[in-house]
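Top to bottom, those sequences are chains U and W. Counting in the working numbering, the first sequence runs from 1 upward without gaps. Counting in the working numbering, the second sequence runs from 1 upward without gaps.
Treat the hints with care, as some may be off.
You can't tell identical chains apart in this list, so a pair holds if it fits in one copy or across any two.
In silico PhoX-like cross-links for lysine-lysine, where the CA-CA straight-line distance does not exceed 20 Å [to be verified]:
1) Lys13 x Lys104
2) Lys43 x Lys31
3) Lys184 x Lys226
4) Lys296 x Lys101
5) Lys345 x Lys31
Treat the hints as calculated values from the structure; they're not laboratory data. In this text, all values refer to a predicted model and were calculated from it rather than measured experimentally.
Here is how the chains run, residue by residue.
Protein chains: 2
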Amino acid sequence: MESMTDAPIKITKTTASKLEQVDFSNLTFGKNFTDHMFVCDYKNGEWQTPEIVPYGPITMEPSAKVFHYGQAVFEGMKAFKDDNDDVFLFRPKDNLDRINKSAKRMAIPAFPESYFMEGLQALLNLDRNWIKAGAGNSLYIRPFVIATESGVSASPSSSYRFMIICAPANAYYKGEVKVLFAEKYSRSADGGVGYAKAAGNYGAQFFPTSLAQAEGFQQIIWTDAKTHEYLEEAGTMNIFFRVNDTLLTAPISDRILDGITRKSLIQIAEDKGIDVQVRPVSVKEIVEAAKNGSLKEIFGAGTAATINPISGFGHKGETFDLPKLESSYASNFKKELMAIQYNTKDDPYGWRHKVLS
Amino acid sequence: MESMTDAPIKITKTTASKLEQVDFSNLTFGKNFTDHMFVCDYKNGEWQTPEIVPYGPITMEPSAKVFHYGQAVFEGMKAFKDDNDDVFLFRPKDNLDRINKSAKRMAIPAFPESYFMEGLQALLNLDRNWIKAGAGNSLYIRPFVIATESGVSASPSSSYRFMIICAPANAYYKGEVKVLFAEKYSRSADGGVGYAKAAGNYGAQFFPTSLAQAEGFQQIIWTDAKTHEYLEEAGTMNIFFRVNDTLLTAPISDRILDGITRKSLIQIAEDKGIDVQVRPVSVKEIVEAAKNGSLKEIFGAGTAATINPISGFGHKGETFDLPKLESSYASNFKKELMAIQYNTKDDPYGWRHKVLS
Chain U
1 MESMTDAPIK
11 ITKTTASKLE
21 QVDFSNLTFG
31 KNFTDHMFVC
41 DYKNGEWQTP
51 EIVPYGPITM
61 EPSAKVFHYG
71 QAVFEGMKAF
81 KDDNDDVFLF
91 RPKDNLDRIN
101 KSAKRMAIPA
111 FPESYFMEGL
121 QALLNLDRNW
131 IKAGAGNSLY
141 IRPFVIATES
151 GVSASPSSSY
161 RFMIICAPAN
171 AYYKGEVKVL
181 FAEKYSRSAD
191 GGVGYAKAAG
201 NYGAQFFPTS
211 LAQAEGFQQI
221 IWTDAKTHEY
231 LEEAGTMNIF
241 FRVNDTLLTA
251 PISDRILDGI
261 TRKSLIQIAE
271 DKGIDVQVRP
281 VSVKEIVEAA
291 KNGSLKEIFG
301 AGTAATINPI
311 SGFGHKGETF
321 DLPKLESSYA
331 SNFKKELMAI
341 QYNTKDDPYG
351 WRHKVLS
Chain W
1 MESMTDAPIK
11 ITKTTASKLE
21 QVDFSNLTFG
31 KNFTDHMFVC
41 DYKNGEWQTP
51 EIVPYGPITM
61 EPSAKVFHYG
71 QAVFEGMKAF
81 KDDNDDVFLF
91 RPKDNLDRIN
101 KSAKRMAIPA
111 FPESYFMEGL
121 QALLNLDRNW
131 IKAGAGNSLY
141 IRPFVIATES
151 GVSASPSSSY
161 RFMIICAPAN
171 AYYKGEVKVL
181 FAEKYSRSAD
191 GGVGYAKAAG
201 NYGAQFFPTS
211 LAQAEGFQQI
221 IWTDAKTHEY
231 LEEAGTMNIF
241 FRVNDTLLTA
251 PISDRILDGI
261 TRKSLIQIAE
271 DKGIDVQVRP
281 VSVKEIVEAA
291 KNGSLKEIFG
301 AGTAATINPI
311 SGFGHKGETF
321 DLPKLESSYA
331 SNFKKELMAI
341 QYNTKDDPYG
351 WRHKVLS
């Protein structure tokens, strides 16, 4: 590590690496964790000295506020390795900014940039052999913050723990994905926390999603809670619609996550001369487009999923299948994005961030 | 314990009680916990043998789903002691029913009634000296469930931990409470999880509440997310309005908690011949009633707070003070409720549940 001045990270290395036990050709997403983790506690009004320690269980008070009041936020990032064994992050500063935006909404103190960036670098350096080169391979990185104060009264915690854990990954979704447009359940309200990566936003989707799964849909596309007439996001992905050659996606709001993959795709599409319309997308127009054949694609965009083509959707008891295209926007954008992420082409945007060489 | 047949609880007693270290005349709510806690794990599709063990820290995987996806629900209950050292719970079956309703919405498996009721009894029996007689004294009981499976993919956990921890308590709120009617932020949406005691519902309120506190209001009364025109609940309390001699409170919905204190008060008020109107309560009518002097009282109702009189409210920059009444509904209802809870009068409703004698 070059610069430990701003963030004097205390490092304790593992004495027993688990690396050899992992079958990298057969990974379940988010199940195998690397040898080390980053930990930084907040108390007495400030973030304490960050540490990197061997990955392992943590000790919590049963009364810790995270268990009772869901005061917790997280991020999702990926590290990519090129054929020279250089390691890259994708727009990492945007993840820091977003976790701090999420944290503010959940009354959690902001985390310092130097701790975050140098913590990531030191952690990835220790666990660099867990990052495999080759398209599709990545290291999924999960920064998160939890409220640790002991006390069952509903008020903000005075202590927090910021952690980063990492899991080697291939693709997030497997197989065909059909989605159900939400008609009854909602993900978020105006004035709520939908734009934040707040832990509770995710657990709240599990039950409605299980109902959708029982009907043969893998995911839900959430609609606005007021009317269920506008398509918003998919809970773990932002969502894009291609009608003829126009690309539609909902504007961000306090209900919709400001996705980093989402905004990167908008930029890439615009630079290809595609007509991108960032505006409310109505259920009605998408159902009509499906019926008259102008709906060419739906795809999700998110860090875990990258770009996830949708094969069909359900709405009010009807199911609509999407055409199978030889050359889709989804596959073209994914190729473009991965070329930047894996350093196989120039990065005109400055998105690629070399973290290890 | 008489009946351990249905729920063979494994008990490990503490060897070092903390009871003597606690100043019962000077308790901070939810900060001091009793000597024991109830723990029951869910794995392989079923709840395992419940245990009661000395209160203390638990070990968690950093990737446990509760930290990342907020899959967690809780309850609030109180135990009361009368002058004969008999110990009572208040409508405990309703707490079990509600935690299972909350659990269902958060895709958490239901907890068995026998484990819950016998677990409570065994736990209170071990820690019965922590329950002090005398009006206002109680043992606050916090059952909760957290998702324990290791894995950072957004899907329901396959393992859970159900726990009960207890903290001796006096009153929840101290001093005068002024509330702000929500105009911008929201607590829940139609089709959301507002009716559940889901952990994330509470953390999401901390930031807006801190903004209200900076303006001199201790709590927020949440309004409907669609229009902010109707008064719903206070986040940790249901809310009642007395206009002349009529009592108004919002109907329960998927946005509003089905409060046990709330429904008990409605029953008590109706039996006193009071006109109780359970219907949407508009901000407009309450502001008008405050202006023309017909608004006599606002009070919150919840297990932690019992009945909490509100001294004034703010709305769109205006502040309204409520009259100080010699004989208020709030104080009369509280007296009535406490007489049932502390066994100083007959309980015509069957709400009082003797748990230890």
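- Item | Unmet hints by their number, sorted upward, for this structure | 1, 4, 5
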